[in-house]
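Engineer: So the chains spell out like this:
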Amino acid sequence: MAVSRRSVLLQGAAIGAGVIASGVPGMKALAAGQPRERRTLQGLAWNDPIVATYRDGVGLLKQKPATDKISWAGLAGIHGTNPNAYHFCPHGNWYFLPWHRAYILTYERVIRDLTSNNDFALPYWDWTTSPAMPEVFVTPTTPDGKKNPLFVNDQDFEQRWKRTWPASEPMPARYVGPPVLQDILHSADYETFGTSRPQGQDSLDPSWVLDGSGDQGTLEGLAHNMVHNSIGGWMPSAMSPRDPIFFMHHCNLDRLWALWNSLGNANSDDPLWTGMTFTDNFINTDGSSYSPKVADLFVPETLGYSYGLATQVASAAASPNLLELQNKLVTLRAPGIARSADVKTFSVASTGQAFGTATQPLELSVNVDPGLIAAVTKRKPVPSGAEFLNFAAAREQRATGARVLAFVRDVAFTKPQDTEYRVFLDHPDLNAQIPVSDPGYVGSFGVFFHGEHDGHGGHGKSNPSFVLDLTGAVQRVYGSGQPPTGGLKLQFVPVPIRPDASVGTVRPGRVEIAFINA
Amino acid sequence: MANAGLRRTAAGCLLVLALWFAAAQAEEGDQLLATVDQPARITATEAAPRGNAAAGLRRVVLSVTYYHPTDDGLPIEAVVKVRAAGGVDKDIGRFGITPDREFTSTTPSTTQHFSFALPQELAAVLAAGQPVTFSVHLVPVRGEGKGAALRVGPIAFR
Numbered sequence: 001m002a003v004s005r006r007s008v009l010l011q012g013a014a015i016g017a018g019v020i021a022s023g024v025p026g027m028k029a030l031a032a033g034q035p036r037e038r039r040t041l042q043g044l045a046w047n048d049p050i051v052a053t054y055r056d057g058v059g060l061l062k063q064k065p066a067t068d069k070i071s072w073a074g075l076a077g078i079h080g081t082n083p084n085a086y087h088f089c090p091h092g093n094w095y096f097l098p099w100h101r102a103y104i105l106t107y108e109r110v111i112r113d114l115t116s117n118n119d120f121a122l123p124y125w126d127w128t129t130s131p132a133m134p135e136v137f138v139t140p141t142t143p144d145g146k147k148n149p150l151f152v153n154d155q156d157f158e159q160r161w162k163r164t165w166p167a168s169e170p171m172p173a174r175y176v177g178p179p180v181l182q183d184i185l186h187s188a189d190y191e192t193f194g195t196s197r198p199q200g201q202d203s204l205d206p207s208w209v210l211d212g213s214g215d216q217g218t219l220e221g222l223a224h225n226m227v228h229n230s231i232g233g234w235m236p237s238a239m240s241p242r243d244p245i246f247f248m249h250h251c252n253l254d255r256l257w258a259l260w261n262s263l264g265n266a267n268s269d270d271p272l273w274t275g276m277t278f279t280d281n282f283i284n285t286d287g288s289s290y291s292p293k294v295a296d297l298f299v300p301e302t303l304g305y306s307y308g309l310a311t312q313v314a315s316a317a318a319s320p321n322l323l324e325l326q327n328k329l330v331t332l333r334a335p336g337i338a339r340s341a342d343v344k345t346f347s348v349a350s351t352g353q354a355f356g357t358a359t360q361p362l363e364l365s366v367n368v369d370p371g372l373i374a375a376v377t378k379r380k381p382v383p384s385g386a387e388f389l390n391f392a393a394a395r396e397q398r399a400t401g402a403r404v405l406a407f408v409r410d411v412a413f414t415k416p417q418d419t420e421y422r423v424f425l426d427h428p429d430l431n432a433q434i435p436v437s438d439p440g441y442v443g444s445f446g447v448f449f450h451g452e453h454d455g456h457g458g459h460g461k462s463n464p465s466f467v468l469d470l471t472g473a474v475q476r477v478y479g480s481g482q483p484p485t486g487g488l489k490l491q492f493v494p495v496p497i498r499p500d501a502s503v504g505t506v507r508p509g510r511v512e513i514a515f516i517n518a
Numbered sequence: 001m002a003n004a005g006l007r008r009t010a011a012g013c014l015l016v017l018a019l020w021f022a023a024a025q026a027e028e029g030d031q032l033l034a035t036v037d038q039p040a041r042i043t044a045t046e047a048a049p050r051g052n053a054a055a056g057l058r059r060v061v062l063s064v065t066y067y068h069p070t071d072d073g074l075p076i077e078a079v080v081k082v083r084a085a086g087g088v089d090k091d092i093g094r095f096g097i098t099p100d101r102e103f104t105s106t107t108p109s110t111t112q113h114f115s116f117a118l119p120q121e122l123a124a125v126l127a128a129g130q131p132v133t134f135s136v137h138l139v140p141v142r143g144e145g146k147g148a149a150l151r152v153g154p155i156a157f158r
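In order, the protein sequence lines correspond to chains Z and A. Oh and the first sequence: position 298 is 298 in the numbering used here, straight run, nothing missing. Oh and the second sequence: position 80 is 80 in the numbering used here, straight run, nothing missing.
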């Protein structure tokens, strides 16, 4: 991934970009109380201030003696006292999500304090869109030759601890892919989404927090558990927080909770859940106890961070570019509204084309103005926000500039329960084995469906449609050369969710490419 | 305690249509133990709900009372399938056990439970009083999965 101009300026710092950025004169400080935005690790360079601050913080914690409460080993001991025994942390019941929200918040606050970077917010590993372990975690040294605290090769508890999952191999889509995410986000209530209460719970006695007899759904039972087990090393054990990637994994799970809420889903209001206090489970930066109640942990913004989800009304009001972008996008979707002049669309239908299969992907070529593609490839990298120490401003900047979306409409399909439908851009030899780490990979979609009609189809009368952001793929595929003369080639290849699955087929009825601000 | 009981009852009415336990049918061999060579199987029979109550079932909950990880420490996953008598297996989900360590459930609080959406057509089979068989297959993620084992306990419907 290319290093940005801003990060080049910070390169070579002796103690890390995160620490330096906070002390540079003239930088605009965050308004007091404004939540810091937690961002995806995808696209962040190794010396991005957020990554650098996390790395520095982990390094500082690892230097402290294990007997220190605020040390790498000491904080991990909150979770588990040894590899086979949990300490305070709940699994297999409805306290799983709120407890881990408070736990990773503890680390976020400690790292801010240790690095003096008050604008730090934990990044997250979105394993649905970026299923391989983030690169900054898998190299023993950083590009400047220093030892990488985010890499794992430890000796403790009379054994060596190293991750066993291959560095560049993606987490299987059957654990973290789009159909799994859909299943998670479609959970009807909190006790299906976030694991149920322990069986027989009848009080707020703290012993219920460690009772693991609740019903684990897809979020905990599949995505959470299998990512832990697959990475290996510390991660399959009760001492999993000894691996720095633990916090990226749990930050993503926390984000999915916030996302599920933002989609209109309510948390449980049962006092047996809301009223549970995690007494003396966590630590403040001054060493005193942090004992939140579940009800204290519902809204990330009140805890000092956000994921930039739609519920942030206050920040949207101060984001005219973002609002303008959203208004332009509405003209693409809403009938009866005149298309914005800054939106240019091109489309193609799949009339007469065969369904895409795992061995014969479907290719749809959309003739577009090459100048528009050039505008997208020339779009400047957007700063992370650390230049201004204001991530809301960064989001505003991201809302400007050329971008391109693909609206994949009226998708006919077979075997949706066994298939992930992947989309690539202009790959010369596409097949089902091409990994999602390929530069031409655009994204995937799955179809949540319980039946088929006459072998193909969707839910009765209408087939589903999807929208994919092509901006990144266009920049990666065409950025270093001439724009394509034959149009944008979107390719659709179905991939089995499991090795033994019988993979389906796919054929969008129509593809519409929309250039915005180009 | 009475208030807690009333709260539980109210919550049950709002969130849970029915809670039933299926009797495990012991057949020849240990049908409840899954390894990479054989799945565990458990059949819901006359203990399952019938009629309108069964038609409202939305989820099935599998319990795990014993687990042993692979000998080489590589990951393994459990795939859950279901079929009606005379039908074919249908995947309804998968899960993993974390921490990936051996455990034996000695009390209800140490039994692990995993919840899956119950296909509508199989809820209808149960409603008609017909048996439905669940199977749990251990599938190695990497390596051969030797040594891995998992025992299922009673299943429940919600």
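Keep in mind that the hints were calculated from the coordinates and are not lab data. All values derive from a computational prediction rather than experimental measurement. Every residue gets a Cβ at the ideal spot worked out from N, C-alpha and C, and that includes glycine. Be careful, since some hints might not be right.
Derived DEER-like restraints, expressed as beta-carbon distance ranges [what the hints assert, rightly or not]:
{"#": "1", "chain 1": "Z", "residue 1": "His186", "chain 2": "A", "residue 2": "Thr45", "range": "25 to 33 Å"}
{"#": "2", "chain 1": "Z", "residue 1": "Pro499", "chain 2": "A", "residue 2": "Arg101", "range": "20 to 28 Å"}
{"#": "3", "chain 1": "Z", "residue 1": "Lys378", "chain 2": "A", "residue 2": "Gly147", "range": "55 to 63 Å"}
{"#": "4", "chain 1": "Z", "residue 1": "Gly264", "chain 2": "A", "residue 2": "Thr45", "range": "55 to 63 Å"}
{"#": "5", "chain 1": "A", "residue 1": "Ala128", "chain 2": "Z", "residue 2": "Ser168", "range": "20 to 28 Å"}
{"#": "6", "chain 1": "Z", "residue 1": "Asn82", "chain 2": "A", "residue 2": "Gly147", "range": "49 to 57 Å"}
Engineer: Taking 55 to 63 Å as the stated bounds, is the beta-carbon spacing between Z/Gly264 and A/Thr45 within them?
Structural biologist: Violated - the Cβ-Cβ distance for Z/Gly264 and A/Thr45, about 39 Å, lies outside 55 to 63 Å.
Engineer: Is 49 to 57 Å a correct range for the gap between the Cβ atoms of Z/Asn82 and A/Gly147?
Structural biologist: violated, 22 Å
Engineer: Just to be sure I understand the hint, the distance between the Cβ atoms of A/Ala128 and Z/Ser168 should be within 20 to 28 Å; is that true here?
Structural biologist: At roughly 50 Å between Cβ atoms, Z/Ser168 and A/Ala128 fall outside 20 to 28 Å, so the hint is violated.
Engineer: Per the hint of 20 to 28 Å, is the separation of the Cβ atoms of Z/Pro499 and A/Arg101 within bounds?
Structural biologist: holds, 26 Å
Engineer: Go ahead and decide if the range 55 to 63 Å is satisfied by the Cβ distance of Z/Lys378 to A/Gly147.
Structural biologist: About 56 Å separates the Cβ atoms of Z/Lys378 and A/Gly147, which means 55 to 63 Å holds.
Engineer: For Z/His186 and A/Thr45, compare the CB-CB distance with the range 25 to 33 Å and indicate the outcome.
Structural biologist: holds, 30 Å
Of the numbered hints stated above, those contradicted by the structure are hints 4, 5 and 6, listed in ascending order.
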